[in-house]
Amino acid sequence: MAKETPDAPIHKTYKLFIGGAFPRSESGRTLPIEGRAAKGRKGCVAQICRGSRKDLRNAVDIARGAQPGWHKATGLLRGQILYRIAEMLAARSGEFEDLLCDYRLATPAQAKQEVSLSAQRLLWYAGWCDKLSQVSGSVNTVNGPYFDFSFPEAQGVVAILPPEKPCLLGLVSTLAPVLVPGNSAVVVSSIETGPLVLTFAEVLATSDVPAGVINLITADREEVIPTLASHREINANFLACAGEVDLTEMRTQAADHVKRSLDLPSHGQAWWKGPEAQDLTWIETFCELKTAWHPMGY
Amino acid sequence: MSTSSPHGPGSPLSVPLTEIQSLHVDEVGLLERAADLGRRSLKRETKREAIQRAVSMIDLTTLEGSDSVGRVRSLCRKALDPAPGMDLPPAAAVCVYPRLVATAVAELEGTPVAVASVSSGFPAGQVPLDVKLADTRFAVESGADEIDIVIPRGAFLGGEYQLVHDEVAALKEAAGPAHLKVILETGELGSFENIARAAWIACEAGADFIKTSTGKVSLNSTPATCLCMLRIVGEFERRTGKRIGVKVAGGIRNAKQALHYLVLVHETLGADWLSNRWFRIGASSLMNDLIRQWIKQTRGSYVGRNDFSKD
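Chains as they are written, first to last, in the numbering used here: chain A, 110 to 407; chain B, 87 to 397.
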């Protein structure tokens with residue numbers, strides 16, 4: 110009988126999250142994560158996929174395909190799914206706290222607060238899903254025998270560049286407002302935050318989020334930004350990493366394509382404060398108002 | 087354009103039935119080879135050339151119950167100039183139901199784009215032969231340059247190979263000068279051996295093209311079925327000197343798939359088969375994806391699918 114090796118190290122490969130699956134990068138590129146990042150372990154402790162522009166292209170195509178179904182789902186269902194993400198995150202809070210500390214993305218005290226606040230933020234946005242049209246929509250008075258309604262509709266595919274710190278809270282705070290009205294998302298995170306972001310993908314994968322609605326790619330962001338910026342299938346940008354990478358190309362191309370961008374200045378401590386980091390206007394940024402007329406009496 | 091059938095209805099197959107029945111295909115090898123050829127990396131200039139070729143090989147198709155005169159007209163304009171100002175060639179043909187052939191002919195007369203029509207009780211072919219013949223004659227009289235017919239799969243699967251041959255030969259006669267494409271509906275044939283047998287019978291019966299699928303069943307063209315058919319037409323040419331074209335159809339929606347087929351043709355039969363005289367792709371949404379990839383190659387950025395007309 111083979112000798113048992115209970116201490117054999119299992120080196121995890123953090124894989125991308127595209128279309129509800131966990132593929133490796135099409136480029137085949139992976140980067141080793143050295144033990145210096147992970148507490149108390151030496152040498153290579155894990156591998157992480159380095160996404161390429163083609164991964165990005167695939168993710169955008171898949172997000173486009175998934176978006177109509179997500180938009181068509183009732184607000185109630187979207188809210189339940191966001192709530193489910195919060196549940197799954199809370200259930201794995203210890204793991205996320207460890208990851209934040211191991212990869213030096215937060216101190217132990219901050220990590221606990223960050224995971225807790227992230228789950229709370231998801232709850233806050235979950236509540237908006239079935240209330241958005243009542244609050245942001247309106248019944249308009251018009252000069253004629255017509256009912257006239259305006260209501261918010263999703264824009265489509267949104268590209269998100271979340272901040273590196275706070276990693277989890279920043280990711281959740283940028284993702285949730287995009288999802289609420291029925292957009293699909295392509296998130297491009299840095300390699301440094303990859304282990305945490307791609308572990309969050311495991312939360313998403315068990316939260317009934319329809320495949321393709323959320324796609325997470327870890328990449329050298331400088332490398333893929335030109336592709337992301339010029340991709341016309343993307344309807345809007347959420348840029349929340351000012352100061353970390355050069356966003357000039359994103360801004361220029363967005364202007365060129367008349368693409369809406371929510372472009373946050375360096376947000377720093379504001380991520381921790383409710384009113385500044387969870388806002389109805391963030392949801393509304395990723396909506397279009399549709400107005401419909403209907404004759405009275407029919 | 088087309089040659090007359092060497093074998094009329096009722097004439098015996100040149101290859102004995104026993105040989106057709108005992109035909110064997112190495113399924114594992116075929117699947118492996120077809121998949122392997124899909125992993126080729128096409129570099130920039132080759133890809134540009136391949137996209138142009140693929141566009142020129144498309145039979146731009148609409149075969150829906152909801153097809154209207156307006157829809158066919160707009161499809162014809164798309165076939166003539168798929169992406170205005172983009173330096174892409176016209177499609178090979180527009181493929182419609184017989185009732186709409188006249189509309190397509192009015193739009194495409196005098197242009198390099200041919201008008202193809204399905205007939206013979208497309209897609210199931212479950213109508214009597216005289217109805218199939220009338221269907222075909224109607225399409226030809228309406229001005230169709232090319233006729234896509236279906237084989238009677240029920241008869242084929244029942245082993246009535248001679249009947250299948252005779253029916254195709256009769257439809258070849260009815261099609262007259264029009265180019266005859268014979269749809270095998272490979273998704274209903276059950277095995278690669280059957281695909282090879284049906285392909286051979288269609289070639290013998292006077293097909294100008296053999297075609298994989300109607301696009302109306304769940305299993306459409308796959309690279310392996312295409313490879314199987316390419317090998318048969320290659321063998322048929324070697325034995326008889328007559329060259330038969332191949333058309334793949336159904337489920338080919340993106341440029342990557344289309345280029346995979348071009349690689350299959352090139353590696354199996356050679357570069358001189360890479361023209362719309364010998365290879366066609368029946369598709370509708372594929373055209374837009376080819377245009378998207380063409381613009382990507384030209385401008386360097388990805389375009390949105392709403393940037394073009396749907397048809």
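To be clear, the hints were calculated from the coordinates, so they are not data collected in a lab. All values derive from a computational prediction rather than experimental measurement. One thing to keep in mind: the hints can contain errors.
[Unchecked claim] Here are the computed lysine to aspartate or glutamate pairs in the DMTMM-like style, where the Cα-Cα straight-line distance is at most 20 Å:
(1) A/K368 - B/E274
(2) B/K382 - A/E353
(3) B/K302 - B/E321
(4) B/K382 - A/E135
(5) B/K382 - A/E262
(6) B/K133 - A/D365
(7) A/K163 - B/E131
(8) B/K396 - A/D257
(9) B/K342 - A/E342
(10) B/K382 - A/E385
(11) B/K342 - A/E135
(12) B/K382 - A/D388
(13) B/K129 - A/E135
[Unchecked claim] In silico contact screen, one side only, chain B against chain A (beta carbon under 8 Å); selected entries:
(14) D216
(15) Y388
(16) S395
Beta carbons are placed, not taken as given, at the ideal position from N, Cα and C, and that holds for glycine.
> Holds or violated: are the alpha carbons of B/K342 and A/E342 at most 20 Å from each other?
Replying inline: Holds - the C-alpha atoms of A/E342 and B/K342 are around 18 Å apart, at most 20 Å.
>> Next pair to validate is B/K342 with A/E135; report whether the Cα-Cα distance is within 20 Å.
In response: Satisfied, since the Cα-Cα distance of roughly 14 Å is no more than 20 Å.
>> Need the status of pair B/K133, A/D365: alpha-carbon distance at most 20 Å?
In response: violated, 28 Å
>> Does the closest beta carbon of chain A sit nearer than 8 Å to the beta carbon of B/S395?
In response: violated, 16 Å
> Within a Cα-Cα threshold of 20 Å, do B/K396 and A/D257 meet the stated pairing?
Replying inline: Roughly 31 Å separates the two Cα atoms, so the pair is violated.
> Does A/E353 lie within 20 Å of B/K382 when you go C-alpha to C-alpha?
Replying inline: Not OK: B/K382 and A/E353 at ~28 Å, beyond 20 Å, violated.
> Holds or violated: are the alpha carbons of B/K129 and A/E135 at most 20 Å from each other?
Replying inline: holds, 16 Å
> Do the alpha carbons of B/K382 and A/D388 lie within 20 Å of each other, as the hint requires?
Replying inline: Not OK: B/K382 and A/D388 at ~37 Å, beyond 20 Å, violated.
>> Can you confirm whether the C-alpha distance between A/K163 and B/E131 stays at or below 20 Å?
In response: Holds, at roughly 18 Å.
> Against chain A, with CB atoms and a cut of 8 Å, does the hint on B/Y388 hold up?
Replying inline: holds, 4 Å
> Would the pair B/K302 and B/E321 pass a check requiring their Cα atoms to be no farther apart than 20 Å?
Replying inline: Answer violated: B/K302 to B/E321 is near 29 Å, above 20 Å.
> Are B/D216 and chain A close enough, Cβ to Cβ, to be under 8 Å, as the hint says?
Replying inline: violated, 45 Å
Consistency with the previously given hints fails for numbers 1, 2, 3, 5, 6, 8, 10, 12, 14, 16, ordered from lowest to highest.
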